[in-house]
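Which chain is which? The protein sequence lines are H, Y, C, X, B, G, F and R, in order. Numbering follows this note's numbering, with no gaps: position 112 of the first sequence is 112. Numbering follows this note's numbering, with no gaps: position 222 of the second sequence is 1222. Numbering follows this note's numbering, with no gaps: position 200 of the third sequence is 2200. Numbering follows this note's numbering, with no gaps: position 23 of the fourth sequence is 3023. Numbering follows this note's numbering, with no gaps: position 20 of the fifth sequence is 4020. Numbering follows this note's numbering, with no gaps: position 215 of the sixth sequence is 5215. Numbering follows this note's numbering, with no gaps: position 90 of the seventh sequence is 6090. Numbering follows this note's numbering, with no gaps: position 212 of the eighth sequence is 7212.
Derived by calculation from the structure, the hints in this document are not laboratory data. Be aware that a few hints might be false.
Stretch by stretch, here's where chain F covers chain X in the computed footprint (C-beta under 8 Å, at least three residues) [as the list claims (entries may be wrong)]:
| id | region |
| --- | --- |
| 1 | 3012-3025 |
| 2 | 3044-3056 |
| 3 | 3164-3176 |
Think of the CB as a built atom: it goes at the ideal place given N, C-alpha and C, for glycine as much as any other residue.
There are 8 protein chains.
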Amino acid sequence: MTTQDPPSDINLDLGRGQRIGIEEAVLAEPKSTAQLTTILEHAFEAGKPILLTRLATSQFLALPSTLRADLDHDPVSGTAYFGAVAEPTSPARTAVVCAGTSDRPVAAEAERTLRFAGHAALSISDVGVAGLWRVLDRVDELAAMDVVIVVAGMDGALPTVLAGLVPGMIIAVPTSVGYGVSDGGRTALHASLASCGPGLVVVNIDNGYGAATSALRVLRLTDR
Amino acid sequence: MTTQDPPSDINLDLGRGQRIGIEEAVLAEPKSTAQLTTILEHAFEAGKPILLTRLATSQFLALPSTLRADLDHDPVSGTAYFGAVAEPTSPARTAVVCAGTSDRPVAAEAERTLRFAGHAALSISDVGVAGLWRVLDRVDELAAMDVVIVVAGMDGALPTVLAGLVPGMIIAVPTSVGYGVSDGGRTALHASLASCGPGLVVVNIDNGYGAATSALRVLRLTDR
Amino acid sequence: MTTQDPPSDINLDLGRGQRIGIEEAVLAEPKSTAQLTTILEHAFEAGKPILLTRLATSQFLALPSTLRADLDHDPVSGTAYFGAVAEPTSPARTAVVCAGTSDRPVAAEAERTLRFAGHAALSISDVGVAGLWRVLDRVDELAAMDVVIVVAGMDGALPTVLAGLVPGMIIAVPTSVGYGVSDGGRTALHASLASCGPGLVVVNIDNGYGAATSALRVLRLTDR
Amino acid sequence: MTTQDPPSDINLDLGRGQRIGIEEAVLAEPKSTAQLTTILEHAFEAGKPILLTRLATSQFLALPSTLRADLDHDPVSGTAYFGAVAEPTSPARTAVVCAGTSDRPVAAEAERTLRFAGHAALSISDVGVAGLWRVLDRVDELAAMDVVIVVAGMDGALPTVLAGLVPGMIIAVPTSVGYGVSDGGRTALHASLASCGPGLVVVNIDNGYGAATSALRVLRLTDR
Amino acid sequence: MTTQDPPSDINLDLGRGQRIGIEEAVLAEPKSTAQLTTILEHAFEAGKPILLTRLATSQFLALPSTLRADLDHDPVSGTAYFGAVAEPTSPARTAVVCAGTSDRPVAAEAERTLRFAGHAALSISDVGVAGLWRVLDRVDELAAMDVVIVVAGMDGALPTVLAGLVPGMIIAVPTSVGYGVSDGGRTALHASLASCGPGLVVVNIDNGYGAATSALRVLRLTDR
Amino acid sequence: MTTQDPPSDINLDLGRGQRIGIEEAVLAEPKSTAQLTTILEHAFEAGKPILLTRLATSQFLALPSTLRADLDHDPVSGTAYFGAVAEPTSPARTAVVCAGTSDRPVAAEAERTLRFAGHAALSISDVGVAGLWRVLDRVDELAAMDVVIVVAGMDGALPTVLAGLVPGMIIAVPTSVGYGVSDGGRTALHASLASCGPGLVVVNIDNGYGAATSALRVLRLTDR
Amino acid sequence: MTTQDPPSDINLDLGRGQRIGIEEAVLAEPKSTAQLTTILEHAFEAGKPILLTRLATSQFLALPSTLRADLDHDPVSGTAYFGAVAEPTSPARTAVVCAGTSDRPVAAEAERTLRFAGHAALSISDVGVAGLWRVLDRVDELAAMDVVIVVAGMDGALPTVLAGLVPGMIIAVPTSVGYGVSDGGRTALHASLASCGPGLVVVNIDNGYGAATSALRVLRLTDR
Amino acid sequence: MTTQDPPSDINLDLGRGQRIGIEEAVLAEPKSTAQLTTILEHAFEAGKPILLTRLATSQFLALPSTLRADLDHDPVSGTAYFGAVAEPTSPARTAVVCAGTSDRPVAAEAERTLRFAGHAALSISDVGVAGLWRVLDRVDELAAMDVVIVVAGMDGALPTVLAGLVPGMIIAVPTSVGYGVSDGGRTALHASLASCGPGLVVVNIDNGYGAATSALRVLRLTDR
């Protein structure tokens, strides 16, 4: 005989946007279909668009089709928008730079989070420092940005190099790309934290969402 | 040619309840169907209800249907009762609080373990400290409890906050929810152990069962 | 030229005792003489006894002699009472058990913290499980206690053995005694967390103070 | 287009038995079907029985049926005998003790390795220290053995307790049973290495084979 | 016979201020007296003020007295200014908050780095979350800041709580305060990285200098 | 509704061969089919052969059949050549030695990388030091090589033994073969780094490609 | 005011020798002068010789001179005999081999522990595998021993090599000699545990005492 | 009473130079004065110059003055030559590059080891990538070298950048410079091992000697 646990209480922090300028998002990865369904129904009733992150395609497909119809799901980044999200109209003040093409999913999570909040992003890929000219070619563009999000796995050398070259806020996002001592992103994380590049800040491994919400804190200041 | 190992000896500690007030439970996860079957047959012969923990649905379904008929299996918590378990009649003296909805399975393991021993629990979900008002709203209820079990992954900040606000026994259960440096629950575990919150105690990652049996030791004292 | 930082602000949590039944204590180890002096002067003005933990003898001796005169410092445990502390009058409801004589300083920190709050403790030393009869001889005494604090380093087997034998609250305090893989107490810590002993809870390595304040939460419940 | 790597060279250490009294065995786990087939064909030509360890049932089933016919495969322990192996005739001088039923596969690997070399084993299961009487009941039997192999995961307290009670060679085999801080067996491993139990030696996590071959070194000495 | 290595080449990055708005600083800790002397002589010749960090008092006292005369050394933070540094004239746009008085040296490093660059800081101490009212009392002040640097050791819960309450840039600085599983600051570091607080960024353990230079990147943007 | 991320920019470092004598290779493992397809199309347009590493058979099979036709894929090593690669004509100046047959895939990656660059390799397998005569028999051959790549997992003792016996460049490649404390190759890695064997250098775990490209740096020098 | 903790209870396990053939020893390192004095006075009253390990010269010198007169202290190994110990009369059945001269203190601890129990040891030093002939020259002597204790730090390759060459019991003692990734002996420890050498057992880092007491368990068996 | 351990056997590997082209060196750090004295007396009798590494100034000063007279000790690198060493006459084919002035001692160990073997080195300091122009200015010089040893702590980004720019053998030496997550050099070590820079090899943390002896293996090949 199998009994069912009732769906757990949902307690969305709907005042967060007003308090700190960042709307609550839902980390989908560890949640069951029942939990995700309940959350989306709450959001629907509150009449607010909501951002889901780390939503696997299999999780997306398991949702009721009525909810799926209102979700704009991007399988590369694993993000989904619930409710309508307008395109940004002003030019990008944030760049999202990634060292290798394998880092693209994390970069895309950052870019989609920015767009959900109404901000465009300049996207630059595959500029790892083993071929240094690739990043030197783009320094002038990057130096004009308010925020530069640098996404890199393995040895994580790119954030240090950029921190010495551009004046805006630099946020390193280590990724879990790599094997052996890459250690699921810990080496890239530690390299950015131990960096001799001045004023470099860091978020959790693969946390494109965290980098983008940090950027939102800065962009809100420069909006004024 | 394939030979079979005979089922291993079973050596249930049936006097444990009398000795320390907590009946033996069976950690199902690493056990084969043959081992689980033998254990349940022993329990059946001893005429005692028994609690199974971390019993996956696939393990449950692989058991003989005659045994399944006597099992009250809850797939969310992975617990099962073998034999009849009465509903608690007195009010809850223990609260089970969890920081996020993703922590529910571990909270449910604690609640089901308490109910197996005849104790109700007050269940509070989704009160993480990033939206602090959610937990502050519930402090008075929690301050009236003998025991507060706090289930939290990621940064594990909730147990520290509660340890400063409520006087009962506070047991932190770190969970494996999170990614990157969450490190399968180690960060939440270490944060609660290193906590500046006074008199906070901790059990193993995801160990809702352990938290509940600790609570039973306290409840037995306050029964007197 | 050397300038001096002004003494930092002190913000003692003087309402803690009323809120949760445990008075604030001061972790002396990382504090400068200037900081400790300021804190004790605040406590003096507030007219409250205060407990200091991890106060090295060298730190104690560096304090102004007028403050030292009001401090009851115990060099073994590194604790000090500032202000008068009465002897407990009722019998011990808590035992503090340690596996080896090298674990005594941590056990003494727990005992002194209990006495500061007005509670006696039964103290049992040198009963490691490599000579099992030593602990079996004391089981009846221990089974009568509300709380048993078990202090053990190296392999930390003693808490598990006791958790199977006595019904009260069992709090393991791993110690940093040992070398090589003892790893500053991490092995004893992990062994107690991973223990098959039911309802065992754990505090940080060498944290006799934390174990005692946890005990105070239980003793407050059984006072009622 | 896909090309195939030729089967790698096989270089069996066929003189090992004569040199050190232990025949070479084959760790099957990381090997491909092609590699295992080549190795068994070499052994067939050399006319020697051979022991395989960590051979998954799926690996066994992928072998040519002609080879399978000569393999005595035990799925619980993951061992297989290639070639005829006689039953031991003399009484057991080695005990294999395990703390929980979940530790049986590793214990079975040790027992099967001993039998391959012509030695019987006394097998004792489910005597974890949380129910201490279970192991105390068997101390006299164990004290009569030349070697006691103790298989235990989680907190690994059983080897320490036995090291204080029996005089023979005691070999701890930590197992990967457990979750959270059990850390794939590292906690049990470290607990046995840091043990206060005198003269306790340790092998790798889950290495029942290693414990048995260590026992063979001792049994060879006591044969003389 | 002892020979001497000639003083190593010095290669100061004197254009850094113009390039990224942050002047080069010198990490004194791992440098010899000879190296520090050479660096200061270079700086003197270049006619630029320079900031030294992690300069122990013993290192300061070992310098030639002529150089010491031009150094404004603060022993609490371990920073020193070489050359004249003016007091900031505009109000503070950055707050430096620390959880415990033991975290003051790291907070002071951040404040002194800001002042070296001409920025005042609002300094708030001893507001750890175990006494939650202490931080709630200051939220309005903090919500008005462009940047909030949060300095906390042990469980590092304060940055998460603040990230949910204030909208400015929040930079967590974990400190090495604590013992046992505090692990030299790694637990506080991991807790902030794994935090559910939105848009929280992190720098290396004890790196008050890094937090301040990150703040300078933001302050430069809001200057425009 | 599901939207698609456009294929990310590709930015191959086509001048690398001229700059440092090693052509860029593509680490296939973390890349999607879309990314691999785009990369191969770029390489086709550039008219250059390209090497792919860590290309799983399932990834190979998912590529368009037109691209597969131009790929020489070796499933053991996981390498593929895109475009024609000639057989080496001169004798081997590099040996690739592996300790156990389980280390063959990594050795094969090194050999295939060398052949892609036009160099033959002497391949020696299954010469682990537990049967020391196996490696001593080959010392003269190895002493004649410019470079010896030593591939070994578990305890990684073979590189140390060879470093004491042969004069050429010795590059250790630890492998992830083994279980328990083998720790995914970290033990073999650390053993080679801590080795008392003089002049031994090391690359990442399982990085046969890295060892081969290091060898190419040496072979280029001895070509002159 | 400073108060003194009374000397802790001493609870020597004086029946251990009769029970398991190994007398209790005292790990001096973490003990205070007061504790050591009390222990020696107990031993004096019991009329038994006692072994102290890890007794630093400074600890030895701090003891009362009357006790020092009865102590045979060896500063290299840090061992001391309290009471008369006779020279062994029969030939050595145990060898203690060390890889480098830096490993001598640990080897000496093993040799002194054996001599305390009446057993001679064959001592062989400085036979690391980077100069392989040094160990090959001694194989015949070693093959005649009942037990071979192999003491090695850094990469710990020597135990693996010997395990393939000699048939007696082989006990590896990793040492904390080395720097960087030697990691206080963990690399040597893990290398011996992960070793492909058959039947190799391991004790804690620097634990010469543990290796010797393991040897005593074997020697007792071969005495019969 | 204190007895003395006789000086341990010394077993220098005097044939190593002939066998592999690298003379044996002595790692002084863990050795006692007695051991070092015996080793130098052996070397004196053998009539061979010998290199000591990691010889602290206090160790040097504790040696007999007659031996000190024959030692050319360099306190920065901690190296000493025993016996006459000629200056190199041919131009440098090896560069030793270090990222920060704090890395100089390790770089000096490499340079002194090369000079002991008769090779000059080009020494370049303080060219960390946070000021990228410093290293770009020197690329042409470095591209002409047979071997480039790159010494860097903290984030270890410099070896990756150089591996993409110069064709010679590149050997990374991570250093223990840094604090917090620099983790005694592990972050720099892992960053170089996980590097996307092609053909980069690595030695142990702070192992300037190991990098130099690796270089000697290459230089011997290019001598031919």
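So, going through the hints one by one against the coordinates:
{"no.": "1", "hint": "3012-3025", "verdict": "holds (count 8)"}
{"no.": "2", "hint": "3044-3056", "verdict": "violated (count 0)"}
{"no.": "3", "hint": "3164-3176", "verdict": "holds (count 8)"}
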